[in-house]
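The numbers in the sequence shown follow my numbering, run straight up by one, and end at 77.
Read the hints as simulated data drawn from the structure, not as lab findings. Think of the CB as a built atom: it goes at the ideal place given N, C-alpha and C, for glycine as much as any other residue. Just to be clear, a hint being listed does not mean it is correct.
Claimed, not checked - DSS-like, lysine-lysine: derived pairs with alpha carbons at most 30 angstroms apart:
1) 26 x 44
2) 44 x 34
3) 29 x 44
Claimed, not checked - Ranges between beta-carbon positions, derived for each pair:
4) 73 x 4: 17 to 23 angstroms
5) 59 x 35: 16 to 22 angstroms
6) 4 x 63: 18 to 24 angstroms
7) 65 x 3: 23 to 29 angstroms
8) 31 x 9: 16 to 22 angstroms
9) 72 x 3: 18 to 24 angstroms
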Amino acid sequence: MLGRNLSYVDLSIFQLIAGLRYAFPKTMKRLEPKHSGLVALHDKVAARPNITAYLASERRIPFNEDDIFRHCPELDT
1 MLGRNLSYVD LSIFQLIAGL RYAFPKTMKR LEPKHSGLVA LHDKVAARPN ITAYLASERR
61 IPFNEDDIFR HCPELDT
């Protein structure tokens, strides 16, 4: 993962971590130290120039309540 070339696995883990941070921010804050390798992979993907540009662009659809990752405060412990 995250070798010389970006893979679908890298992008999938990036999206999963980002989505879980949106849906369950308190839980992720508590669990991220236990999964530092996955968080580091997310951060490395986010730091890639083309990914950074896309994330800052209008083309990116932000997380919302109609998507697969919905903020669930009642489940976020």
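So which hints don't hold here, by number, going up? Hints 4, 5, 6, 7 and 9 contradicted; others consistent.
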